[in-house]
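Colleague: Listed here are the chains, written in short residue letters.
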Amino acid sequence: MGLITTSRVKSPWLLHFDCGGCNGCDIEILACLTPIYDVERFGIINIGNPKHADVLAVTGPANHRNYRVLRNLYEQMPEPKLVIAIGSCACTGGVFHNCPNILGGIDKVIPVDVYIPGCAVKPEAIIDGVVLALGKLAKR
Amino acid sequence: MSLWQIILASILAIVVTPFIGGLLRGVDRKLTARMQGRRGPPIQQPFYDVLKLFSKQTITTTRTQLVLAYGYLLVIVATLVLFALGQDLLMVILVLGVGSVCLVLGSLSVRSPYSQFGGHRELLQMLAYEPILILVAVAIYLKTGAFFIGNILGQSEPLLPSLWVAYLAMLIALIIVMRKSPFDIAASEHAHQEIVRGVFTEYSGPYLGLIELAHWYEMVLLLSIISLLWVPGIWPGILLALFSFFVVLVIDNITARLTWSWMLRVSWIGGLGLVVLNLAGLHFFGG
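Listed in order, the protein sequences are those of chains A and B.
Letter 3 of the first sequence, counting from 1, is numbered 3 in the working numbering, and no numbers are missing.
Letter 74 of the second sequence, counting from 1, is numbered 214 in the working numbering, and no numbers are missing.
Rather than coming from a laboratory, the hints here were simulated on the basis of the structure.
Among the hints, erroneous ones may be present.
As the list claims (entries may be wrong) - To give an idea of the chain A side of the interface with chain B (calculated C-beta under 8 Å), a few residues:
1) 11
2) 31
3) 35
4) 38
5) 51
6) 52
7) 112
8) 113
Using N, Cα and C, we set each Cβ at its ideal position, and we do this for glycine too.
Please construct the entire structure, taking both the sequences and the accompanying hints into account.
Modeller: As structure tokens, this is what we get:
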């Protein structure tokens with residue numbers, strides 16, 4: 001791997017967006033930052049600004065209310081960028097599937113690189129998913 | 141200094157400083173993580189971050205902002221070269237302020253309210269630390285009779301024993317310049333608070349990289365000014381600067397962010413008060 005690719009893989013800054021899930025997955029994402037899992041040791045920072053972010057981590061199903069917000073956040077992120085769908089709702093719509101206000105998984109709105117199923121997702125699974133996504137980034 | 145010495149000193153200052161600054165930032169993140177009971181990123185993490193930022197796509201909000209990002213870096217580098225060449229300390233401090241003004245103008249040139257708020261707060265931060273630094277320069281002048289760094293370096297005995305009160309005020313200025321808690325009001329350390337990332341919100345990709353680089357230069361410059369307080373020999377000054385750096389990290393980890401009015405109170409009443417006390421002491425008792 002070249003120096004630039006190494007830097008990209010070693011410093012993914014993460015933007016977290018809740019599309020309207022139950023907050024279970026969001027709490028698991030925050031659990032990744034605690035001393036037990038400490039994702040900052042891989043250079044991952046939870047950053048609340050799309051213009052600085054490399055990875056968009058989305059929880060909850062895409063719905064009519066906020067799919068424009070989701071698309072807007074995605075478009076504000078500079079390339080190269082990755083999207084991770086965290087939890088069953090973000091992957092397929094989950095328990096909200098076929099509800100009148102729900103579009104389905106977030107892949108109905110923006111392209112998704114990695115799906116992490118689970119309800120709620122375990123922090124270990126989230127870390128695995130981010131590592132998988134970074135593997136895809138290295139090959140780009 | 142001959143011409144060649146001047147060129148050599150400038151190149152050395154420009155090339156070596158980013159490595160020192162980046163390493164200090166890495167140590168900062170590692171120590172912070174350890175104080176919080178985490179493992180923390182590797183020491184070279186800031187270099188990964190900046191290289192990544194340089195390789196990202198450029199998103200232009202306004203062209204003015206891009207020019208001012210370069211301006212910020214160039215002015216700060218110029219300040220550091222002035223310092224390395226042993227020029228006027230007052231000049232160094234005031235030109236440092238010009239650099240921050242570039243950053244503020246850049247953040248005010250876009251419409252984002254977060255960026256605007258950050259810009260205003262950055263101005264308040266400058267208002268808080270610049271007077272402290274200028275008065276410290278005056279205190280150094282009263283003690284040594286020189287504003288020129290070259291002459292201050294020629295002192296035979298350390299300044300700290302007679303300027304330790306002013307040193308305490310410089311720690312406040314160091315916290316503000318390093319954007320650390322309790323005074324990280326212009327650019328909150330992590331961007332999920334009320335002003336997102338403040339002044340930095342609208343800078344992205346390579347331009348955020350430039351600003352991070354400039355921040356490294358700025359930090360090293362302020363630590364160098366602190367190291368002037370113990371000049372005979374090079375190591376005591378460096379140790380003093382590293383000790384101050386560590387104290388700032390400890391303060392960062394044990395305090396929460398204050399509001400801007402608190403910052404002005406602490407830096408003007410506390411910081412300026414301390415330096416004025418020191419000046420009075422130097423004036424009436426001669427140190």
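Colleague: To test your reading of the hints: which numbers does this structure violate?
Modeller: 2, 7, 8
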